[in-house]
Every structure is written in structure tokens, then in C-alpha cells.
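Q: According to this note's numbering, the sequence shown is numbered sequentially starting from 2.
If you're looking for bench data, these hints aren't it; they were derived computationally from the structure. Even glycine gets a Cβ: it sits at the ideal position worked out from N, Cα and C. Do not rely on the hints blindly, as some may be mistaken.
Listed below are the simulated SDA-like cross-link pairs for lysine to any residue, each with C-alpha atoms no more than 20 Å apart in a straight line [to be verified]:
#, residue 1, residue 2
1, K132, R47
2, K132, G148
3, K132, Q151
4, K132, A24
5, K80, A27
6, K80, E69
7, K132, A152
8, K132, A150
9, K132, F102
10, K132, A39
Taking CB as the label site, the calculated pair distances span [what the hints assert, rightly or not]:
#, residue 1, residue 2, range
11, A152, E69, 17 to 25 Å
12, M153, V79, 36 to 44 Å
13, G109, E131, 21 to 29 Å
14, D114, T67, 30 to 38 Å
15, K80, L134, 27 to 35 Å
16, R97, G143, 41 to 49 Å
17, V144, Q112, 40 to 48 Å
18, T140, E113, 30 to 38 Å
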Amino acid sequence: MTTDRPHLAVIGAGPAGLAATVAAAAHGVRVTLLDAAAQPGGQFYRQPAAELRAHRPKALHHHWRTWERLRDGLDTYVKAGTVRHLADHHVWFVERHADRFTVHALLGPEQEDPAAVHADAVLLATGGYEKVLPFPGWTLPGVVTAGGAQAMLKGTLAV
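With these hints in hand, go ahead and build the complete structure from the sequences.
A: Quick look at the structure:
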């Protein structure tokens, strides 16, 4: 699948990628937002699966109003056609040409269908990660870091 050429490709739909997408779209830039996850939000705004029917998902998050503003902004610009959100796209390579970039991705959980997005510029917002300082027993079964526990809680509502 090849998409038409947007002005900006944003890789990563976490807080930074969403903020960049909404800000660029607010200034009239056409944006394609690519992310490996099915829903925007990244690790910070990870949402429980719909089938879990979480009654108060905002209780799992800090800065919920910021999340709502970013989510609503994304929805507004997607509906207006300024932003194209490509979920389940696993970016594996960014190629630079003389006057543009090509972002190569594989679609879906099986990562079998190739996709290419052509853009004038690329913004990488691939997120942060937890840095764990090793301690005796840290690799044993059942040992979970704070970041791992938070991801499990947000994703499955259980630790």
C-alpha cells in the first residue's frame, strides 16, 4: 500500500508523537501518524482492552486532561482529513531521497503486508523506556519492575 505524499510523517503515537501531530496539523501541515499499536497513547497513555470494560480508565493515568486534549485533537484532524492515522504499522526503515523520505512499515500483527509513506520530513517520537538497575534476583520469574507493573495494570487491569 502506498499513500499519497504528506508533508510530515510522525513515527510514534505516544504523548510526544500526538503532541507533534496535533501541533503540526493546527498549523496546516498534512500529517501521517504511524504507530505499531492499535490505539494511540503509547506506553504512558496505554488503554485497557475494550473487552475488559474498564469502569474508570482515567484512574490509571496521570494528566488525563492532557490525554483527552491530544486524543480529541487527533480525532478532529483525522475527521478533517489533515491527519492520516495508520495504526498497527510497524516501521522498520526510513529511506532518505534527494527531496523526500520514504517510511517503510509492515502492517498488522503478522507484519506481512508492506506499506510505504512518502513525506517531506520525518519526526521520530518512538518513546522512552524504563532503565532498570540490576539487583540480585532481578531476572527471576515473578520479579516485576515498576514500569512492567504499570504496563500490566494499564493493559490488563491486573498485576
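Q: For the pair V144 and Q112, does the Cβ-Cβ distance stay inside 40 to 48 Å?
A: 30 Å, violated
Q: For D114 and T67, compare the CB-CB distance with the range 30 to 38 Å and indicate the outcome.
A: Since the Cβ atoms of D114 and T67 sit about 33 Å apart, the hinted range of 30 to 38 Å holds.
Q: Per the hint of 17 to 25 Å, is the separation of the Cβ atoms of A152 and E69 within bounds?
A: 21 Å, holds
Q: Are the Cα atoms of K80 and E69 separated by 20 Å or less?
A: The given pair, whose Cα atoms are some 16 Å apart, holds under the 20 Å limit.
Q: What's the verdict on K132 and A150, does the C-alpha distance respect the 20 Å limit or exceed it?
A: 14 Å, holds
Q: Does the hinted range 27 to 35 Å hold for K80 and L134 at CB?
A: 45 Å, violated
Q: Take a quick look at whether K132 and F102 sit within 20 Å of each other, Cα to Cα.
A: Given pair K132, F102 is violated - Cα atoms ~32 Å apart, limit 20 Å.
Q: Is it true that M153 and V79 lie within 36 to 44 Å of each other by Cβ?
A: 29 Å, violated
Q: Can the suggested window of 30 to 38 Å be confirmed for the beta-carbon pair T140 and E113?
A: Holds, since T140 and E113 (Cβ atoms, about 33 Å apart) stay within the stated range.
Q: Quickly compare the C-alpha distance for K132 and A24 to 20 Å and report which way the hint goes.
A: Violated, at about 29 Å.
Q: Just to be careful, I want the Cα atoms of K132 and A39 compared with a cutoff of 20 Å; is the pair within it?
A: 25 Å, violated
Q: Are the Cα positions of K80 and A27 separated by 20 Å at most?
A: 13 Å, holds
Against the hints set out earlier in the document, violations occur for numbers 4, 9, 10, 12, 15 and 17.
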